[in-house]
Every structure is written in C-alpha cells, then in structure tokens.
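Start from the sequences and build out the full structure, keeping to the hints where you can.
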Amino acid sequence: MIALLLATLTQSLTLIPLALGINLSYTLLRATDMTIDGSFVLGAGVFAQLVTMGISPILAFLVALSCGAIAGAFTAFLQNGGKVDPLLAGILTSFILYSVNMAVMGRPNINLLSTPTLFSGAFAHSTTLGWFSVALVVGLLVVAFYILLQSRLGLCLRAFGDNPALLSRQGYNVTYLRVTGFSLNNLLAAASGAITAQIIGYADIGMGVGMTLIGIGAIVLGQHLILPFIKKHYLRAGSELLAAFIGIALYFFILNGLLRFNINPIYLKLLLGVLLALFLRTATRKVSLS
Amino acid sequence: MSPLLQFEHITLRHPSLERPILDNINYTVQKGDCVVVLGANGSGKSSLLKLLDGRYRANDGKIILKNKNILSLSSQKRAHCIHTLTQSAKDNLFLDLTISENYQLIQKRNKADAIDSLADYLQAFNVNLATKLDVLVARLSGGEQQALALALAVLYPPEILLLDEHTSALDPKTAEHLMALTARIIHERHITALLTTHNVNHALAYGDRILALKEGCVHDCIERSDKQNLTAEMLMARCY
Amino acid sequence: MKRIFTYLSLISLLLLTACGNKQTTANNNAPKPIQIGIIIPIEHPAMDEITRGFEETLTADLKQPIEFQVMRAQGDVNLQRSMILQLQNKGIDLYAPIATQPTEMTAAMIHDRPIVGLAALLPESTRAKSQLALVDDEITPTQIIQFIHAIYPTKTQLTLVYSNNDKMAPQVEEAIAAGKTVGIQVDKRMITALPDLYSIAQSLSPQTQGILVLKDVLVVSGIATLSQTASQKHIPLISADDGSVQNGSGFALGVKEYQIGVEGAKVAEQILQGTPAATIPTVKMTKLSVFINTKALTAQGQDLAAIEKEAAKDNYAIVDVTNQPVGDLK
Ligand SMILES: Nc1ncnc2c1ncn2[C@@H]1O[C@H](COP(=O)(O)OP(=O)(O)O)[C@@H](O)[C@H]1O
Ligand SMILES: [Mg+2]
Chain A
2 MIALLLATLT QSLTLIPLAL GINLSYTLLR ATDMTIDGSF VLGAGVFAQL VTMGISPILA
62 FLVALSCGAI AGAFTAFLQN GGKVDPLLAG ILTSFILYSV NMAVMGRPNI NLLSTPTLFS
122 GAFAHSTTLG WFSVALVVGL LVVAFYILLQ SRLGLCLRAF GDNPALLSRQ GYNVTYLRVT
182 GFSLNNLLAA ASGAITAQII GYADIGMGVG MTLIGIGAIV LGQHLILPFI KKHYLRAGSE
242 LLAAFIGIAL YFFILNGLLR FNINPIYLKL LLGVLLALFL RTATRKVSLS
Chain B
4 MSPLLQFEHI TLRHPSLERP ILDNINYTVQ KGDCVVVLGA NGSGKSSLLK LLDGRYRAND
64 GKIILKNKNI LSLSSQKRAH CIHTLTQSAK DNLFLDLTIS ENYQLIQKRN KADAIDSLAD
124 YLQAFNVNLA TKLDVLVARL SGGEQQALAL ALAVLYPPEI LLLDEHTSAL DPKTAEHLMA
184 LTARIIHERH ITALLTTHNV NHALAYGDRI LALKEGCVHD CIERSDKQNL TAEMLMARCY
Chain C
3 MKRIFTYLSL ISLLLLTACG NKQTTANNNA PKPIQIGIII PIEHPAMDEI TRGFEETLTA
63 DLKQPIEFQV MRAQGDVNLQ RSMILQLQNK GIDLYAPIAT QPTEMTAAMI HDRPIVGLAA
123 LLPESTRAKS QLALVDDEIT PTQIIQFIHA IYPTKTQLTL VYSNNDKMAP QVEEAIAAGK
183 TVGIQVDKRM ITALPDLYSI AQSLSPQTQG ILVLKDVLVV SGIATLSQTA SQKHIPLISA
243 DDGSVQNGSG FALGVKEYQI GVEGAKVAEQ ILQGTPAATI PTVKMTKLSV FINTKALTAQ
303 GQDLAAIEKE AAKDNYAIVD VTNQPVGDLK
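Residue numbers (this note's numbering), protein chains in the order written: chain A, 2 to 291; chain B, 4 to 243; chain C, 3 to 332.
No lab work stands behind these hints: they were computed from the structure.
Just so you know, not all the hints are guaranteed correct.
Stated by the list, open to error - Straight-line C-alpha distance at most 20 Å; calculated SDA-like pairs for lysine to any residue:
#, chain 1, residue 1, chain 2, residue 2
1, A, 232, B, 133
2, A, 233, B, 77
3, C, 131, A, 270
4, B, 135, A, 103
5, C, 169, A, 103
6, C, 169, A, 207
7, A, 270, C, 169
8, A, 232, B, 134
9, B, 135, A, 235
10, A, 233, B, 99
11, C, 131, A, 53
12, C, 131, A, 124
13, A, 232, B, 142
These numbers were taken from a predicted model, which means no experiment stands behind them.
This is the structure in structure tokens:
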C-alpha cells in the first residue's frame, strides 16, 4: 500500500504543473487547448537539448518555459481574435510543433542519464532529497499559479472565459488576455515536460501523446468530486487547485492499482478510457453551475 | 450648447437583406436627454444602439459624440463613454463570476474613487444583495441581475447609457419597479440615455423625447413640448 | 442519482485497487525463482521476437527457475512508468527493457538492480549511474559497404539516400569513408520530408550503380518510391533492416530480432552469475542476417546467387522475407 501511494505521489508530482495548465485553459478560459500535447514535448526537448549543450539547468529550464509560452501565444494568434475555434488552433499548433520539436531536438530522443539536471545533484545524494527538490520546484510553480489565480489578471482570465464579448465592451484588451492565458497554460505544460524529462531520463518526440486528455479527465474527475462541497466562491481558486491535485493523484492511483491485478494492458487502457468517459459523462461541463 | 450625440445620414445594410436595416437616420441627442426609441419588432432599434457600442459599424454616414467621430475613439475610450444594458443578463454581467468579482472588473478603470462598501452602494438600487456579494450572478433572480447590472453600469456614469428593452424579460411588476428605478437614477445622476421599449406608458412617463422608427427610417420625432398633450393611445397610433 | 453512482463506483474501485496487491506466492518451501522484468514499449512483432529469443535462451541456459514478468506499455509513457514502479515494488532481480526509450526510463528509475537494455543504443557515459548493460542492434555502415563490395566488386558509384536527422550524419560520413577504402564513390542525397524522395528518385545520377538506405526511419517509410526507381534503372536497392526489404528493397544486411534476445540473454546470464553489469562491454551484433526479397531482386535485375555466395562466406544467415506480411517499422 505504501509503495502504491509512493508510486502515485511521484508520478502525480511531475504532472501537477500540466494539470494546473489544463485547469487554466479548461476551467478558466473554457477552451480545450490541444497545444499542450506539443508544448509538453517542447519543454522537454528544449531543456534536454540545452543541458546537453552544457547550458546551466536553471537557464535551460527557464528557456524551456518561455518556449512553451511562445507556443501558447502562437495558438492564441491562430485564433485570429476569437474567430477560429481554440480547439482547432491548438490542434494546428501541436501539429506544427511536431516538426518544431524534431528540429529543436535534432533526433527523436535525447537522453539525460548522465547530464546534470535541476535534480541530478539531489538525486545523487539520496532519492528522498531528489524528490524533495522536485517537490520544491513544483511547489514554487503551484504557489506562483495560486497567486496568479487570486490576482486581478486571474479574474480577467476567468471573465474572458465566461464572456469575452462583454469583457471587450467593458474596455479590456481581449487579445492581450487571450495571449496571456494560452501562454501561461502552455508554459506550465512545458514545465511539466521539462521536469518529466529529468525524472524519466530522456526527452522523446512522442512523450506528449494523450497528455491533454489525461489532464482534462483528471481535472473533471477532481472537480466533480470536490466542487459540490465548496459553497464559498472565494475559495474557488483554492478548490480548483485541490481538484487538480486530487484528480491527477486519483488517476495514477487507479492506474497503478489496476496494474497490480495483472490485467491485460489492452483492457487496462479500455478500463481507464471507460472510467474517464464515465466521469466526463456524469460531470456537467461547468460543475459549479450544476 | 453643442449636442452630445449626432447621427448623420446613418445607413446600415446587411448583405443578406435587400432593404437597409437603418436608412439615412439623422438625429441629435442633447446632454441629459432620456430618449425613448419606439418601433415595431425589426424596425432597427437595437441596431441603432449597437452602432454606438461598437457591435455594428455603419455603411454610410457618421456618428458624432462630443464633436468627435465615434470611430476615432479607441475601443477602451468608447467603453468608458458608452455602456449598454440589454434584456439578456448574459450581455450585461459575467454570470459565472460573483457579484463582487463583477464589481471588481468594472471598478478597475478608476482606482482612485473606489466606493467604500459595495453592499451599501447596491442598497440605493432597491436590491438587498449585502449577503450575496459572494454568490455567482447566475444564481440571482432576473430582477436582481438587472438591478445589479444597472448599479454597475452607473458606478462611473457613462456619457451615454444604452438600455435595449432591459425590462422585457422581467415579470410586469418587477419590470415596473426596474423602470422606475432606472428613471430615477438617470434623472438624479443627469445621465444621458437611449432607451428602447414597447411600453408606450413608460415612454410617456419617463422619456424626455421620443424617436419612432419604422422599417429602418425615422418615422416620427416627438419633442418635450409635444409630449404633454399626448395620451398612450395617441402615441400608439403615431408610432406603430 | 448519477453522482451517487459515480461515488459508489469510485469507492469500490479504490477498495479493489488498494487490496489488489495481496497476491504473494504462498509456496514457501520451493526455492524463490529469479524474477526478470521485461518491458515492451509498444505492440510490434519485432518486440515479441526479441522477447522470445531472450526468454527461450535464458530458460535453456540458466539452471534455476525463472519467472518472467512481461509488461506491455502499449505506447503509453505514463503506463510504462507505472509498470517499472510496479516491477520495482515486486522486487525484480533483473530488468530487460526493449528499445532505447524504455531503457533510458528504466536506467533513470532503477539504480539498485541490473538492467540489460535490448536493442538499445546509448552512450557509454550513461551507464555510470546505474547497473546498465546494453545490447546494441545497430550494425555499422562499414559492414554494409564491405558486404556490397564483396557482392559487386566492380561497382564504383552508389547513391546514399538519408534524412536530415542528427543521428544519420555521422553514419553517412562513415559510409563515405568506408566506400573510399574499397573504391566506391558514395554520392549522398538528403531528404527533409517524405515528398523529397520522389524528386530525388527522379533525378538520380545516370552513372549510379545502386541505391543505399541505412536504418533511417523517414527514408525507410518511403522505400516503395525508391524501389520503383531501382526497378526502372535495373540497379539494386540495398537497406539495413528487414522491414524495408519486405516493402521493396532488394536485400539488406541486418540483424534478426530473435538474435538480439539471444545476445541479451547471454549478458543477463553473466550478470546473474555475479559479473557486475557495468563492466560488461556493450554487445554488438556479430551474428548478422541477410534479408532478401526475391521479387524485388528480380525486378531490379539482380542475381540472388551472388548474394547467397557472399553471405555464406561471411557466415550470414539468409532470411527470405519476400511474401511476409508487411509490418510497420520499429
Ligand atoms: N446581424 C444581423 N444579421 C442579419 N440581419 C440583421 C442583423 N442585425 C439586424 N438584422 C435585421 O435588421 C432588422 C432590425 O433588427 P433590430 O435592430 O434587432 O430590430 P428591433 O430591435 O427594432 O426589433 C431586422 O429585420 C433584423 O432581422
Ligand atoms: Mg431589439
């Protein structure tokens, strides 16, 4: 049981920034942003390529985040002032990103096993310290994200998702908000990609497949479970954060748990798919309104 | 005294329609006027208001606001000058945000003169929302939503307040209350307003001047002085 | 109602999940078998062949009971990560991930158990931190050029088609250098996308006496285009993997997947007998095979006998893949 919890914890930890990013796009901006599949790989790829070239991991990490943000800004730009569906724009960007990632990485797979990373020092000392340092970086991102949610910018992003036309009539620069929102969520996805690459020891061109889906599934699941109990709306940002954590953790808890039954993995994926479908079905799109 | 707002030869067409939605409209609004726009459904009332808040753009003619072509205003400047309320709450408020969040979004513009207490401020609009500041606007009743929208609209009084049948979706009693409230607020705060309605009694009671549209053209203009000796029936006959 | 159903299903699932790991073997007196974890990243016949070679050889050679735990990740990286954690939790004695990416992941996650990476190409430096041994399935361009020279001693002009992939550049240089030593001028042609193949195929130098393709995913995926040109010009199309031969290349010098498993099993055996994994040099494949497609060879006007003769001389097994079902590539 301890092993199961540890496996869940370590796996969830690396994907928490991604979950926050999806929370931003799916819950605040009300858009299914498929760019995330690509910017996850972009973050991993840029980071891996830069540290392999001998650039300091901290700088590489920051550059990786910026590249994710640029990818998001591009998706926002493709939406052409709200005239193109964000889903379509995101699919298009992640399509383009496949080539971009390949060009950035130069090969389909860059390994980081013997390259210094943000966490390699700590992991060399002890596994506990290693995971502690990962938790620290993720924690910083979570705190920054929470502050953002509570800020005026966070409010504007939420208002943007609710009613961009009204926001525009109130004199806000909607284009700026769209770019900011999509940049931020892809920045978080890129952060997740870069962190994941350091944990699994490589960046791979195919590592982002299905990330958006898992993320949305987890978020919907988490929100479905906890938002009905949150009656105070000033707690909304905090509870959304909590929902993202719980959703991601539950996903990996179930995944790791089911593995223990020696279920044929083909059925395992089916089971997980059915599970996600079930939650997507029972949860109405906007939980807080149900 | 120069007029606040002038429509000059305004024509608005839609490619799918043969006759123009608005056809050569000329009209002048003075500061402090409450102009009621009457006309059958489809006569172009809403379109006329949408030209002002930037949702539509005229094919011909120009709109002058305080001696400036309205098109030369930045969208931000325009948003400060013109505020619209319609019958549908989702055009007026962010339904998935709370009352205080809706307030914060409006309040951003002039940080200096923030009000002391939102609850007290709302009290003046005959709605008791003091305990609901943290409730999603979607959960409020239609009457509460429209009163809140009005309160937020005049927090920083716009040059022109556009009210497009803003009472139509309410039950008669609530509509009556909201209309009276609106008229009082407009009067007290000297707000210039363009108001559309199908209620001729409201038009007579609250409008300073009446503009009647028919099939996109100005059908009749009733000035302050003419209004005195009109009954609702006469107005009905003149305008529809 | 719906919500209650959701909660119920979730709670029962969690309960099931939590008690799912109580399947320890009650059989105490039997010697505990050696636990070997095999990680298969994606469903593919080649992966199954490697697994079969590994399992069969190890079972035959090792005189102890072995239990293989085969984990199939279905191309899902998250699932693969969970599976490695799961193996770790089971106290696996030796890990055998197949292909480079799973080997990297295993090496990053497992430090206290030996790992034999099958068909994995990783720099030596990566082996330092974990107990990692490698079976490298890539054969060198030099081996291929020498084989070609042996079959066609009079050929002096070859065209090498490759893609703009970082991995290819050093191999292309090696092929050119190897060509020089045997008097073959290797003319290199790069593609950046699949459609380039067509224009390159149309504009081949008339002097060229053969087309060479290395293990290059992009080019191999468009091998049919090159196959047509080779047939028109009656020159051989030579490659370095069996899949491309199935799809129209004349012949290839490469390795049989089963053999990779065999070599891996030998390494695993050494490790289980006490040799530290990190001290075992990376195994290169020496037992090579020549894959042939007789239909394509005939269309390209090539003589099978000459190929068979050289293969026999070098002790390479001939594998005819002419009518085998066409699978996609690794
Ligand atoms: N965006 C539009 N597309 C097509 N027709 C429109 C559009 N806006 C207005 N119209 C047409 O213009 C006419 C006037 O509409 P409107 O201004 O909404 O009338 P009112 O508010 O007086 O009922 C109607 O015939 C309507 O169908
Ligand atoms: Mg109307």
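Status of the hints after comparison with the structure:
1. At roughly 17 Å between alpha-carbon atoms, residue 232/A and residue 133/B fall within 20 Å of each other, so this suggested pair holds.
2. Restraint check for residue 233/A and residue 77/B: not satisfied, since their Cα atoms lie roughly 38 Å apart, outside the 20 Å limit.
3. Distance check on the hinted pair: residue 131/C and residue 270/A sit about 33 Å apart at the alpha-carbon level, beyond 20 Å; violated.
4. Taking the CA atoms of residue 135/B and residue 103/A, the gap is near 53 Å; set against the 20 Å cutoff, the hint is violated.
5. As the CA atoms of residue 169/C and residue 103/A are separated by approximately 12 Å, the hinted pair is consistent with the 20 Å bound.
6. Restraint check for residue 169/C and residue 207/A: satisfied, since their Cα atoms lie roughly 17 Å apart, inside the 20 Å limit.
7. Among the hinted pairs, residue 270/A with residue 169/C is inconsistent with the structure: their alpha-carbon atoms are about 33 Å apart, more than 20 Å.
8. Note on residue 232/A and residue 134/B: the hinted pairing holds, with a Cα-Cα distance of about 14 Å set against a maximum of 20 Å.
9. Proposed proximity of residue 135/B and residue 235/A is supported: the alpha carbons are some 12 Å apart, at most 20 Å.
10. Restraint check: the Cα-Cα separation between residue 233/A and residue 99/B comes to about 14 Å, which is no more than 20 Å; the hinted pair holds.
11. Note on residue 131/C and residue 53/A: the hinted pairing holds, with a Cα-Cα distance of about 17 Å set against a maximum of 20 Å.
12. This hinted pair checks out: residue 131/C and residue 124/A have alpha carbons roughly 11 Å apart, not beyond 20 Å.
13. Between residue 232/A and residue 142/B the CA atoms are separated by roughly 12 Å; this keeps the pair inside 20 Å, and the hint holds.
Violated hints, listed in ascending order, are 2, 3, 4 and 7; each of the other numbered hints is respected by the structure.
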